[in-house]
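Starting from the known structure of chain A, fit chain B onto it as the hints suggest.
Residue numbers (this note's numbering), protein chains in the order written: chain A, 15 to 317; chain B, 815 to 1108.
There may be inaccurate statements among the hints.
[Said to hold, decoys possible] Computed Cβ-Cβ distance ranges for the label pairs, DEER-style:
#1 B:H1003 with A:Y138: 33 to 43 angstroms
#2 B:V1085 with A:G140: 21 to 31 angstroms
#3 B:F937 with A:L89: 55 to 65 angstroms
[Unchecked claim] 25 angstroms max Cα-Cα, derived DMTMM-like pairs, lysine to aspartate or glutamate:
#4 A:K221 with A:D203
#5 A:K33 with A:E202
#6 A:K35 with A:E202
#7 A:K260 with B:D1063
#8 B:K957 with A:E97
#9 A:K35 with A:D203
#10 B:K1016 with B:E997
#11 A:K221 with A:D143
#12 B:K922 with A:E304
#13 A:K209 with A:E42
#14 A:K174 with B:D1063
#15 B:K922 with B:E997
Don't read these hints as lab results, they were simulated from the structure. All of these numbers come straight from a predicted model, not from anything done at the bench. Just so you know, even glycine gets a beta-carbon here, dropped at the ideal spot from N, CA and C.
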Amino acid sequence: MELANTRYNNVLSQIKQEKTKRRRELLEALRKNKWALASLYIIIALCAMSLVSFIYTPYNPFQFNLAIARQPPSLSHPLGTDELGRDILSRIMYGGRYTLGISFISVTLGALIGVALGILAGYYGGKVDTVIMRIVDIMLAFPTILLAIALVAAVGQGVKSLILAISITTFPVYARLVRGTVLQIVNEDYITAAKLIGLSSYKIMVKHVLPNTMSVIIVQMSYYMGLSILLASALGFLGLGVPPPKPEWGTMIGGGRTYFFSTPHIVVIPGIFIFITSLAFNLLGDGLREALDPKLRGLLRRG
Amino acid sequence: MIGALLVVFLIMRILPGDPARLIAGPEASWEDVENIRKMLGLDKPLYIQFIEYVKSVFKGDFGKSIKYGTPVIDEILARLPYTILLAVAAEAIAVALALPLGVYSALKPNSTLSRFISAISLFGASLPIFWLALILIYIFSAKLKWLPSFGAGSWKHLILPSFTLALLLMGNLTRITRSSVMEAASMNHVTTAVAKGLDNGKVLRRHVLRVSMIPIITIMGLQIGSLLGGAVITETVFAWPGIGSLLIDSIFYRDYPLAQGIILFIVLAFVIVNLAVDFIYGLIDPRVRSRTWS
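Chain A extracted, bound-state conformation (with noise of 0.2 angstroms):
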């Protein structure tokens, strides 16, 4: 017990020094890497947009003038104005809490509900193991999109639906991934101490499992970022995402479409908008794998 104890406290504080150490390493590594700098400054800049929206917008997001709809980028108007008069970067401005809130809050709950079954899968094994990673095995059968058409479909459209699709679509992968860490460091001996000292396995799974999955959860919390961004947008689309007048970026090309062809500027931006966000994310996703680990960079890989 005494042997354990002592044991134990010394990996603990080990595990101190290295975290520290490797923090400071991971910052450097990150301000290295010039394109996942880059990705960071502009989430940063677009999440300030969004959150810009909730004070100001140069106009109205709703406000119709058919008297000015469909202008080109203007002085007045920088992104030009959509097919009902609406000012685009307004919408666009607004529509930043509905693309890249939803896919924040459906990413960070898959995380959650993925991550707890992947820590319960792989620290009690068995029973508790074979159920949650048939399950898993189930869900991962569908394909993404299709899964959250259908559940859309079901639930009936909205902002609500569009998080319980996106996060039910994506939370199985985490599982997968977590329980793969966990397996690999349950038997390590600190955990071993940790038991023989009558640590409760709750405190063992939050204390010690926990924050050695977290480096390959942030990776794959970024992808997903990226990946949700264009599930969601692709439902707003298909008209079964955030459905109009809300200017969701996908619904609002779903809206422009009609008119594309004579002035293609209502269809493009929102889509270069999607398009940037995504690939701000995917960037600092492989940045963030770079250097957090490189040998994850077989096991994990964008959506």
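Below, chain B alone, put in the same frame as chain A:
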């Protein structure tokens, strides 16, 4: 498989809106609606409905479409050739482009072209496919007037949708090809073969490509999912009369036997293709034959 059936069934069964009332029309009396509900078997408890459903699916009976009044399976089979044509064309284009590009960038990782290739594949993973489709229509149909913008008919109709779909697949495929070729090329037996004095082409064909095919084929199998999912979007944009656009139509009409049938059909196709992929492993890699893969 049963699990997949259950998920599809449950999802579609909780669709809001009462299909019986939808068929009966807004002016129908309450009795009429009840009769139709009985006719469709919707008055029975959920689990009985599910058992009936599983039974009939195994008989190849997916129920009747509410909108068309014809068996769902007929509707699916009528549209299926279009989707298969589109999917095969897209996969062929993707493979034809991604494999050479991937192999090239694996063998010459530092050349400018390789950098360009990996940038392109990263872009591919971030492009909204429906938007790309619209842009392609704008360039090739509206401006250049080379290709028709929607519908099906001649081979010209196929070009834009299949290229759009292929671009969706290419990014991943190129990247996986690149990394698996690089990995295979660093294996011991390759060094041996080079040391033995075999010429480079032979080493590449016999020792590198063959080994690297395994992960590539796995990805191709897994990509059937994104292929079919992407097909739903691509078909809708190009008004391509496959099962993807049929699915979207049926959802908007709340034709839930049809939507359920299509989703189930796609999922089954996905599962079967992946079983086939597992089987192909054995043919390519003799090491796998003795093992069983789940």
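Evaluation of the provided hints:
1. B:H1003 with A:Y138: 33 to 43 angstroms: 41 angstroms, holds
2. B:V1085 with A:G140: 21 to 31 angstroms: Distance hint for V1085 (chain B), G140 (chain A) holds at roughly 26 angstroms.
3. B:F937 with A:L89: 55 to 65 angstroms: This hint is violated: roughly 31 angstroms between Cβ atoms.
4. A:K221 with A:D203: 15 angstroms, holds
5. A:K33 with A:E202: 17 angstroms, holds
6. A:K35 with A:E202: Roughly 21 angstroms between the alpha carbons, so the hint for K35 (chain A) and E202 (chain A) holds.
7. A:K260 with B:D1063: 23 angstroms, holds
8. B:K957 with A:E97: 21 angstroms, holds
9. A:K35 with A:D203: OK: K35 (chain A) and D203 (chain A) at ~21 angstroms, within 25 angstroms.
10. B:K1016 with B:E997: 17 angstroms, holds
11. A:K221 with A:D143: Within the cut-off at roughly 21 angstroms; holds.
12. B:K922 with A:E304: Distance ~21 angstroms between K922 (chain B) and E304 (chain A) Cα, so the pair holds.
13. A:K209 with A:E42: Not satisfied, since the Cα-Cα distance of roughly 35 angstroms exceeds 25 angstroms.
14. A:K174 with B:D1063: Distance ~22 angstroms between K174 (chain A) and D1063 (chain B) Cα, so the pair holds.
15. B:K922 with B:E997: Distance of about 14 angstroms is within 25 angstroms: holds.
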